[in-house]
Amino acid sequence: MSKSQRILVIDDDPGIGVLLKRCLAIGGFDVETTTDGATMRRLLRQQTFDMIILDLNLKGEDGLDILRELRTTEDIPVIILSARGEHVDTVVGLELGADDYIAKPFEPRELLARVRTVLRRAAPRSSTSQPAAAEPVLMFCDWQMDLRARELRHNINGLVTLTPAQFDILATFVTHPNHVLSRDQILDATRHRSTEPFDRSIDVHISQIRRKIEKDPRNPEIIKTIYGIGYIFTPIPRTA
Numbered sequence: 017m018s019k020s021q022r023i024l025v026i027d028d029d030p031g032i033g034v035l036l037k038r039c040l041a042i043g044g045f046d047v048e049t050t051t052d053g054a055t056m057r058r059l060l061r062q063q064t065f066d067m068i069i070l071d072l073n074l075k076g077e078d079g080l081d082i083l084r085e086l087r088t089t090e091d092i093p094v095i096i097l098s099a100r101g102e103h104v105d106t107v108v109g110l111e112l113g114a115d116d117y118i119a120k121p122f123e124p125r126e127l128l129a130r131v132r133t134v135l136r137r138a139a140p141r142s143s144t145s146q147p148a149a150a151e152p153v154l155m156f157c158d159w160q161m162d163l164r165a166r167e168l169r170h171n172i173n174g175l176v177t178l179t180p181a182q183f184d185i186l187a188t189f190v191t192h193p194n195h196v197l198s199r200d201q202i203l204d205a206t207r208h209r210s211t212e213p214f215d216r217s218i219d220v221h222i223s224q225i226r227r228k229i230e231k232d233p234r235n236p237e238i239i240k241t242i243y244g245i246g247y248i249f250t251p252i253p254r255t256a
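Residue numbers (the working numbering): 17 to 256.
One should not assume that every hint holds.
Derived pair list, reagent style BS3-like, types lysine-lysine, alpha-carbon separation capped at 27 Å [what the hints assert, rightly or not]: (1) 120 x 240; (2) 37 x 19; (3) 75 x 120; (4) 75 x 37; (5) 228 x 240.
Simulated from the structure, these hints should not be mistaken for lab results.
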């Protein structure tokens, strides 16, 4: 019997914490809940978790500050919770490196689907899952992308950190060069589903990727916007 994946939920509303725990337990997850950042830090020191679900609207401590802290201290996927009126905070959270967001109120099936998708992205790939030839190191401009090791390296500056979502989106572009991809196509390729037909989180992730790989993110040359349609990856990658 495989070990259940463990999720830490931080929400200052105990009722939401109980609801999340019940929903995730149905999906086979082992869940710990807390209402504050201090307890979260203690639990992270004492235990190992596969994912964090973080409410941005905490009392006494800014959820965005906690997210910043997590991104500098923990290599773990983070899904943010936000009320529907907190669009700006949601965008900022994605820019800070959150892997996805769930809007309140949420549907249990969508919650489970998003959690499983993010965990699938973050899971290390088995060395025998695909032949080596199917996952080469691809080079473009001054970059090397190792699809098996899930690493992106600059020829001079070395390893660059990408969130699982950012890596999957960039990998989709690199493996589909010179093709215009819509948001729906990117969602389908990275999530294997499309829960929202016009998901602006894709735009936020691409903006973050541009900041990391473009010489001038305001005038991108690698990932270009095709207005009204989507995006196109302009370099033609070559194998190492």
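Is it true that the CA of residue 228 sits at most 27 Å from the CA of residue 240?
holds (14 Å)
Against the 27 Å threshold, does the CA-CA distance of residue 75 and residue 120 hold or violate the hint?
holds (17 Å)
Residue 37 and residue 19 were given as a pair; does the straight-line alpha-carbon distance stay at or below 27 Å?
With a Cα-Cα distance of about 17 Å, the restraint between residue 37 and residue 19 holds, given a limit of 27 Å.
Pair hint outcome, residue 120 versus residue 240 [Cα-Cα no greater than 27 Å]:
violated (33 Å)
Pair hint outcome, residue 75 versus residue 37 [Cα-Cα no greater than 27 Å]
holds (20 Å)
When the structure is compared with the earlier hints, a violation turns up for hint 1 alone.
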